[in-house]
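Trainee: Letter by letter, the chains look like this.
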Amino acid sequence: MIDVSLNEPGATRSVPRSSKSEVQSAPSLTLAELQDLFQRAVMDGDGAILQSIPGNGRTTSDVLLGVYQYAYRGRLADILGIDHPLLKRHMGNDVFDEMAHAYITAYPSNTPNVRWFARHLPTFLKTTAPYDAHADLSELAELEQALANAFDAADEPVLSLVDLQAVPPDQWAALIFQRHASAARMTSRCNIYECWQALQDEEEPATINEPVVNQELIVWRKDEMSRVRIMTTEEAMAWDEVMRGATFGSLCEMLAVYDAPDTAPMRAAQFLQTWISAELLTTASNKARSS
Amino acid sequence: MTGEKPDYLGFGLGLRPQHYSDILEGSPNVDWFEAISENYMIPGGKPLKMLDQIRDRYPIVLHGVSLSIASTAPFDKDYLANLKSLAERTEPEFVSDHLCWTGVHGVNLHDLLPVPYTEEALEHVVSRVNHVQEYIGRPIALENVSSYVQFEQSQMPEWEFISEMTKRTGCWLVFDVNNVFVSAFNHGFDAQSYIDAIPADRVVQFHLAGHEDQMTHIIDTHDAMVCDEVWDLYRASVRRFGKVSTIIERDDNIPPLKEMVQELTIARDIANEIFSEENLAKGSQRARV
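Chains A and B, in that order, give the protein sequences.
If you're matching positions, the first sequence starts at 1 in this note's numbering and goes up one per residue.
If you're matching positions, the second sequence starts at 1 in this note's numbering and goes up one per residue.
Treat the hints as calculated values from the structure; they're not laboratory data.
Beta carbons: idealized from backbone N, C-alpha and C, even for Gly.
Mixed in with the good hints, there may be bad ones.
[Said to hold, decoys possible] Just the calculated beta-carbon pair ranges, DEER-fashion: (1) A:Ser25 to B:Asp232: 52 to 58 Å; (2) A:Gly47 to B:Ile254: 35 to 41 Å; (3) A:Gly47 to B:Glu273: 45 to 51 Å.
Whole structure, please, built from the sequences with the hints as guidance.
Mentor: Have a look at this one:
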């Protein structure tokens with residue numbers, strides 16, 4: 001016989017042992033009412049549920065309930081730190097933890113998969129004082145999320161140069177392209193790429209500054225690894241237009257307006273080759289046939 | 001819903017990303033793995049590829065944490081669809097989750113919250129288990145959770161609730177030995193009585209894990225080795241339930257795979273010793289006849 005009860009060896013009862021001094025009388029509550037009260041206690045510290053919870057003979061009901069209350073915020077703050085290790089390093093543990101608790105209050109989880117709990121963090125940092133005064137915070141969170149999203153984005157076939165070579169030259173102008181599910185663009189108002197890189201190398205973060213022009217980034221997955229690189233303003237514009245449905249022909253025309261008309265087709269072809277080699281695209285199709 | 005009892009799988013481990021390469025590059029002495037369902041309810045990428053590759057070599061059980069079977073909130077239809085889709089992709093030995101709820105009013109607390117053991121809750125859980133089993137087309141297994149509080153409104157012991165639930169739904173049981181130990185300490189009941197009251201033919205899996213003793217209560221942390229008292233309870237469980245697939249879970253302070261395999265050997269040795277004793281006893285009985 002194994003007996004792990006300390007106070008009452010051999011006791012077999014499991015229904016609560018009320019201490020009359022602690023619990024006067026338990027209210028009659030439905031399952032829904034009990035769950036509502038319990039959740040309010042865990043999230044907001046509401047004490048109404050304590051009337052329904054006895055102590056355990058060694059400690060009081062509020063200490064026992066406290067296990068759930070502490071675990072709730074602690075677990076979600078840990079998850080934010082795991083999903084945003086560089087943001088945590090950038091902010092420092094104490095400031096990050098304070099921010100995490102404010103986020104948990106502002107955005108209680110409404111997803112069954114904790115993988116998506118942090119998804120509102122960039123918005124929270126962009127719109128909540130005092131974090132909103134520092135663009136690098138929301139942008140670093142956005143970049144870390146883009147990298148995480150790329151990591152487990154849907155698996156799709158990638159477009160190869162061989163696929164493209166099979167397209168007759170007279171049909172190139174009408175080609176439209178689709179991005180791989182892992183590819184996402186981001187525009188930074190500061191030098192977030194350098195900041196991210198320094199934090200990743202465990203160096204002091206680069207000085208945050210506001211560049212003369214926005215920093216254009218592309219995030220994607222190749223060989224099961226998330227990647228990020230800076231795009232030139234022209235490449236970013238070209239990518240954005242292609243993702244909006246511009247044909248290869250239109251792209252050449254746009255690039256000709258943007259800069260050096262003579263080399264525009266060559267620049268368009270170079271962009272395309274770069275994107276295909278990086279596995280950023282999944283299909284090419286003829287616009288007339290696909291519409 | 002009725003279904004054929006899942007096969008005995010031997011001795012396994014909770015599948016953790018830190019161990020992917022050691023599992024695939026070596027041949028660890030592990031018979032099967034239990035994957036956390038939600039970790040693979042994602043669009044694609046490396047985690048699903050790793051799961052597929054490990055599934056090719058080992059039996060897999062899918063073990064979820066967010067089914068929220070006892071919640072009074074409506075089921076999350078997307079969650080159920082994703083679970084069904086993952087089960088179809090992975091073809092696990094069985095699909096399991098916990099006898100608990102995780103939130104109401106559209107909120108998820110990401111915890112395994114305690115159930116009041118009332119007739120109303122029992123009817124509610126039975127109805128939800130039946131719904132899930134119909135939807136995913138197979139019986140599920142539910143695990144007893146560690147709890148820190150009980151409700152004055154409870155009308156029956158936890159083991160009676162669980163026994164009745166499995167009787168009315170045909171669901172299987174994941175018997176978490178550590179959770180019984182933790183809850184027995186926290187609520188002052190006798191763990192052996194719990195073991196004796198659970199219908200032996202419904203238990204398809206044992207869970208073993210470590211915990212943290214706070215003196216006045218124990219917290220189920222899954223961050224340490226299985227302690228001696230839980231090994232004792234495991235012995236009692238093997239004697240009562242017989243050959244049941246066993247895993248050790250570790251969710252924090254996760255050591256190298258080699259160390260987890262060493263700890264698994266303790267479970268293997270304990271169970272095999274009991275199986276041998278029982279075979280010996282059966283042999284002597286036959287000899288006497």
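Trainee: Under the constraints set out in the numbered hints, which ones does this structure not fulfil?
Mentor: Of the numbered hints, just 1 does not hold.
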